[in-house]
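Engineer: Go ahead and model the full structure; you've got the sequences and the hints to work with.
There are 2 protein chains.
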Amino acid sequence: MKHMKWWGWGEEGISFRHDDKPAFAAFVKAVIDIDVARAPASMPDLDSFPIPSSFVPRELRESLQAVVGAGNLKDDPLERVVHAYGKGLRDLVRIRRGDMGRLPDLVVYPSSESEVAGIVKAALSANAVVIPFGGGTNISRSLEAPRHERRPVISIDMGRMSSVLEIDEVSRLARVQAGALGPDVERHLNEKSWTLGHFPDSFNHSTLGGWIATRSCGMQSDKYGDIADLTRAVRVVTPTGVLVTRPVPSASTGPSVREMILGSEGRLGIITEATVHIHRVPQKRQIYGYLFPDWSRGLRAMTAIAESDASPSVTRVSDANETRFYFATKKHETLAGRAKTAISKFYLERIKRFDVHRMCLSFIGYEGSEEHVKIQKRLVDDIVGRHGGFCVGTEPGELYDQKKFDTPYIRDFLLDRGALADVSETSAPWSQLEYLYDGVMSRASKAFAQIGVRGYIMCHLAHSYHSGACLYFTFAFRPSDDNHSLEQYDVIKSAIQQGFIDLGGTLSHHHAVGLEHAAWLGQDISPVGVTMIRSLLDGVDPGHNFNPGKIVG
Amino acid sequence: MKHMKWWGWGEEGISFRHDDKPAFAAFVKAVIDIDVARAPASMPDLDSFPIPSSFVPRELRESLQAVVGAGNLKDDPLERVVHAYGKGLRDLVRIRRGDMGRLPDLVVYPSSESEVAGIVKAALSANAVVIPFGGGTNISRSLEAPRHERRPVISIDMGRMSSVLEIDEVSRLARVQAGALGPDVERHLNEKSWTLGHFPDSFNHSTLGGWIATRSCGMQSDKYGDIADLTRAVRVVTPTGVLVTRPVPSASTGPSVREMILGSEGRLGIITEATVHIHRVPQKRQIYGYLFPDWSRGLRAMTAIAESDASPSVTRVSDANETRFYFATKKHETLAGRAKTAISKFYLERIKRFDVHRMCLSFIGYEGSEEHVKIQKRLVDDIVGRHGGFCVGTEPGELYDQKKFDTPYIRDFLLDRGALADVSETSAPWSQLEYLYDGVMSRASKAFAQIGVRGYIMCHLAHSYHSGACLYFTFAFRPSDDNHSLEQYDVIKSAIQQGFIDLGGTLSHHHAVGLEHAAWLGQDISPVGVTMIRSLLDGVDPGHNFNPGKIVG
Numbered sequence: 001m002k003h004m005k006w007w008g009w010g011e012e013g014i015s016f017r018h019d020d021k022p023a024f025a026a027f028v029k030a031v032i033d034i035d036v037a038r039a040p041a042s043m044p045d046l047d048s049f050p051i052p053s054s055f056v057p058r059e060l061r062e063s064l065q066a067v068v069g070a071g072n073l074k075d076d077p078l079e080r081v082v083h084a085y086g087k088g089l090r091d092l093v094r095i096r097r098g099d100m101g102r103l104p105d106l107v108v109y110p111s112s113e114s115e116v117a118g119i120v121k122a123a124l125s126a127n128a129v130v131i132p133f134g135g136g137t138n139i140s141r142s143l144e145a146p147r148h149e150r151r152p153v154i155s156i157d158m159g160r161m162s163s164v165l166e167i168d169e170v171s172r173l174a175r176v177q178a179g180a181l182g183p184d185v186e187r188h189l190n191e192k193s194w195t196l197g198h199f200p201d202s203f204n205h206s207t208l209g210g211w212i213a214t215r216s217c218g219m220q221s222d223k224y225g226d227i228a229d230l231t232r233a234v235r236v237v238t239p240t241g242v243l244v245t246r247p248v249p250s251a252s253t254g255p256s257v258r259e260m261i262l263g264s265e266g267r268l269g270i271i272t273e274a275t276v277h278i279h280r281v282p283q284k285r286q287i288y289g290y291l292f293p294d295w296s297r298g299l300r301a302m303t304a305i306a307e308s309d310a311s312p313s314v315t316r317v318s319d320a321n322e323t324r325f326y327f328a329t330k331k332h333e334t335l336a337g338r339a340k341t342a343i344s345k346f347y348l349e350r351i352k353r354f355d356v357h358r359m360c361l362s363f364i365g366y367e368g369s370e371e372h373v374k375i376q377k378r379l380v381d382d383i384v385g386r387h388g389g390f391c392v393g394t395e396p397g398e399l400y401d402q403k404k405f406d407t408p409y410i411r412d413f414l415l416d417r418g419a420l421a422d423v424s425e426t427s428a429p430w431s432q433l434e435y436l437y438d439g440v441m442s443r444a445s446k447a448f449a450q451i452g453v454r455g456y457i458m459c460h461l462a463h464s465y466h467s468g469a470c471l472y473f474t475f476a477f478r479p480s481d482d483n484h485s486l487e488q489y490d491v492i493k494s495a496i497q498q499g500f501i502d503l504g505g506t507l508s509h510h511h512a513v514g515l516e517h518a519a520w521l522g523q524d525i526s527p528v529g530v531t532m533i534r535s536l537l538d539g540v541d542p543g544h545n546f547n548p549g550k551i552v553g
Numbered sequence: 001m002k003h004m005k006w007w008g009w010g011e012e013g014i015s016f017r018h019d020d021k022p023a024f025a026a027f028v029k030a031v032i033d034i035d036v037a038r039a040p041a042s043m044p045d046l047d048s049f050p051i052p053s054s055f056v057p058r059e060l061r062e063s064l065q066a067v068v069g070a071g072n073l074k075d076d077p078l079e080r081v082v083h084a085y086g087k088g089l090r091d092l093v094r095i096r097r098g099d100m101g102r103l104p105d106l107v108v109y110p111s112s113e114s115e116v117a118g119i120v121k122a123a124l125s126a127n128a129v130v131i132p133f134g135g136g137t138n139i140s141r142s143l144e145a146p147r148h149e150r151r152p153v154i155s156i157d158m159g160r161m162s163s164v165l166e167i168d169e170v171s172r173l174a175r176v177q178a179g180a181l182g183p184d185v186e187r188h189l190n191e192k193s194w195t196l197g198h199f200p201d202s203f204n205h206s207t208l209g210g211w212i213a214t215r216s217c218g219m220q221s222d223k224y225g226d227i228a229d230l231t232r233a234v235r236v237v238t239p240t241g242v243l244v245t246r247p248v249p250s251a252s253t254g255p256s257v258r259e260m261i262l263g264s265e266g267r268l269g270i271i272t273e274a275t276v277h278i279h280r281v282p283q284k285r286q287i288y289g290y291l292f293p294d295w296s297r298g299l300r301a302m303t304a305i306a307e308s309d310a311s312p313s314v315t316r317v318s319d320a321n322e323t324r325f326y327f328a329t330k331k332h333e334t335l336a337g338r339a340k341t342a343i344s345k346f347y348l349e350r351i352k353r354f355d356v357h358r359m360c361l362s363f364i365g366y367e368g369s370e371e372h373v374k375i376q377k378r379l380v381d382d383i384v385g386r387h388g389g390f391c392v393g394t395e396p397g398e399l400y401d402q403k404k405f406d407t408p409y410i411r412d413f414l415l416d417r418g419a420l421a422d423v424s425e426t427s428a429p430w431s432q433l434e435y436l437y438d439g440v441m442s443r444a445s446k447a448f449a450q451i452g453v454r455g456y457i458m459c460h461l462a463h464s465y466h467s468g469a470c471l472y473f474t475f476a477f478r479p480s481d482d483n484h485s486l487e488q489y490d491v492i493k494s495a496i497q498q499g500f501i502d503l504g505g506t507l508s509h510h511h512a513v514g515l516e517h518a519a520w521l522g523q524d525i526s527p528v529g530v531t532m533i534r535s536l537l538d539g540v541d542p543g544h545n546f547n548p549g550k551i552v553g
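Same order as they appear, the protein sequences are chains A and B.
The opening residue of the first sequence carries number 1 in this note's numbering; numbering runs sequentially from there.
The opening residue of the second sequence carries number 1 in this note's numbering; numbering runs sequentially from there.
Because the hints were derived from the structure by calculation, they are not lab data.
Glycine included, every Cβ here is placed at the ideal spot set by N, Cα and C.
Have a look at the derived ranges for each label pair, beta carbon to beta carbon: (1) B:Lys-374 to A:Lys-284: 18 to 24 angstroms; (2) B:Asp-20 to A:Glu-307: 39 to 45 angstroms; (3) B:Asp-538 to A:Glu-307: 40 to 46 angstroms; (4) B:Asp-538 to A:Ala-66: 32 to 38 angstroms; (5) B:Arg-147 to A:Gln-523: 39 to 45 angstroms; (6) A:Gln-523 to B:Met-1: 36 to 42 angstroms; (7) B:Asn-127 to A:Asp-490: 44 to 50 angstroms; (8) B:Asn-190 to A:Leu-165: 44 to 50 angstroms; (9) B:Asn-190 to A:His-332: 56 to 62 angstroms.
Only part of the chain A face toward chain B is listed, based on derived beta-carbon distances under 8 angstroms: (10) Val-170; (11) Ala-251; (12) Ser-252; (13) Tyr-465; (14) Leu-507.
Derived lysine-lysine pairs resembling PhoX-like cross-links, with alpha carbons at most 20 angstroms apart: (15) A:Lys-223 to B:Lys-223; (16) B:Lys-374 to A:Lys-377; (17) A:Lys-404 to A:Lys-223; (18) B:Lys-377 to B:Lys-223; (19) B:Lys-21 to B:Lys-340; (20) A:Lys-330 to A:Lys-29; (21) A:Lys-374 to B:Lys-377; (22) A:Lys-374 to B:Lys-374.
Structural biologist: Right, here's the structure in full:
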């Protein structure tokens, strides 16, 4: 089983490079005072860290071995470290320091639902803790065991359960095992001209089970729906047996147990498979770039598009800061490209009279038949035009489409050079978005000032719904005190999160609760809401054996 | 507060009439052997029934009176009887016999959330049972107290809380009190050119709170979504305080407490208000009639429409039996109308070579701009044509649209004349629909034979989703033994419900669980699913004071 780097995102050997992006170094120097030419910190050697020994009672180990076979039980340091955390900024900072928290004692790799059931049975008999592990991309601290957990901790890696089991071509449904990574799912489906259409930033390294357990959302979710919409049925090994729901399109049996599993973060059981919507690969799929004169008009255009008869597959608009970032990551241009850029600049500044420091880049995607795409784009172009924007063709959109999964590599590149960068996202009604945005930006500025750093924060709107949208913030700064970098990070992150809550947003649009956002849960869904979730979790798992501490303590 | 007839559907003075429908009498005689000319049973006098006296401890009555005022506490027989049951066939049969079950002791009419909270507090102090009551249209026995309940039973009628509190025109959201009836909601919204777009058959007599508590679905839900999609936020008085969720478009905090309230049937608390999607009244709204040569081709056309770039607001196709029923309820025609009918018949039989006994009537609706409606209809017409069907214009659709809320009056008309008629609906994946339909029809036939009656069962597909649709069955028969009519009804109804479960459907698409469907819950969502629901309900309401016995016992 191949895992991501224990100390960073993605595969060994793949990293972000800046030397082919002429504007990048100056931009980073200007906004967060980082010299990208500086030699990156060298990665520590895992062997140099003290790894507490693994403790698994003999009887439990034997039971587990009987279930999955000796070859599918692992307790070497690398396996345990890889399964200790997700890939949040906090996780990477901690792990690079050798602060691994409470490592799992054992990693088990089941190959079937009955093996998962066997693992759960053995674990419950021994009063052990089980934590499901998909691709390990979580950034909300949903994967770590409680630091002072005294019971044996078992990480259940679902990686061997990665098959597309069945395709119902008439109903446009596929039955897929929970451990299937994004590329596994798409490859199998694409072979038969189908697609799931779920493309979160983590796509290459995250799994179907993980998406469901954290209520994930993908880039084309405007068309395909988020994972909550896509997931028609689940099978879950719970403390009291296997939950099996039916792949019906809609049902009035409430409270819905299918919905209880969405976002349950392993606390109600181990998801083993799901039946999900699939779609025919569309005849045409295009993402166009648009420019708006400013953020307000970009937001208002998105509000209008969501009310119109158009139904684009992607709606996204960056604020001025993120637009600057986008242009700062452009590659070296050919002579022809440079000429084109000069002409574009002239057009923007002299003809359209755009202020290039305020303008906002937007991406809008269309899918369907040739004709459908044409009709949809015409409807959208009209709305964009009424809000002072215009289409800049498919080139920026294609670039975005190619590079969309690379952002976490930039985060690691910056971390290697001493800067902390992270994301925080929310959703709110259309009427609140600009107010929320202004408030969060101002709180972030104050927080940067408080810790005495020059920080940068940028934002885009993504995922339009009937009544609102997601605002996705990315921030970065160079800590003024490397010995307290996480404390400084907490000041920024908390200011942003508290801003979401105070200004009408939710604590997270698609990154779940985990431990990272749990402090805001009561303010988001009210204390009674927390009580309701606790009633459900405690009722199903009275011993707190399933990923204890997440969502509610 | 105006209520429906205690012994039937709708308003006093409104009923179905057959004398303007020339084909109706012969049709009913042929299919269920009922002579519509026969004098209907006379309605019993409520005073002739023994009404057990109301028992409310003095302290509880005084507390409730302090909360809502003496004028808003009712315990006269009519009030108690009206709040005893919903309007299922079983309810009407029982109430007409004087079998009122466990009548509520008291009906209270709060005017605000704080009054609801006061009622709940007083009720919990006295260990009383509370049952929320919206319009009383429920057909799944979600409104009745357990027959042997020894604690005081209080029905909380939400009728005074019927306002649209706030419209957010930018976010296209409205905050509406739970007791608002369908027409209340639409009237207030329409005044400002908005619509909720939720039109269940019960629309005229059901409430927003009731829709949420039973996961209701409306006729145009293909476009507007069902109530689960429409409801962005809820406020609910629970045993432990007021649950307040935020009207955000999407959130990854799971398990979602908003979703737990959907379909909770009063077991988690009393819904006081919700924030719901609203839409601008569309420029154009049209429902077209279509004819298909047979049911199979009608189903396949709907499957294809759901995959296409078209997104109609209504998709519906009746089987041959329901198509016959539809034509049997047509009114007297003018001479011109009769000529047109003769020409249509000639066209159908001679030109299109349709077998009029197998053909299926369909309704497909479109909403949006003039242009959007035109494009959508063209896409749909192509698909219909490829499946052997054709458009028959807007006339049948307009008639359907006008008459859509009248079906329950026909049920009462038949009941007055000795026939039992009821509905049962499910949803299933596209690939299962024809198989499920065939199986249910054959089980119903066997069940009719078993009780020795000539029964009729008909069906339509409604509510298309990506992966499947709802099949809605209506059945009627004249019991062969009037002393055991409900037992005979149970034979038919159970055969149909068991068919749903055995053949891949869910126990109900939009009529909730209540007591009526509870027997099938474990087979639908697996025994573990039942355990999960029970954990939640017992955790939130350990004393079983909130509508006890519904969903799970």
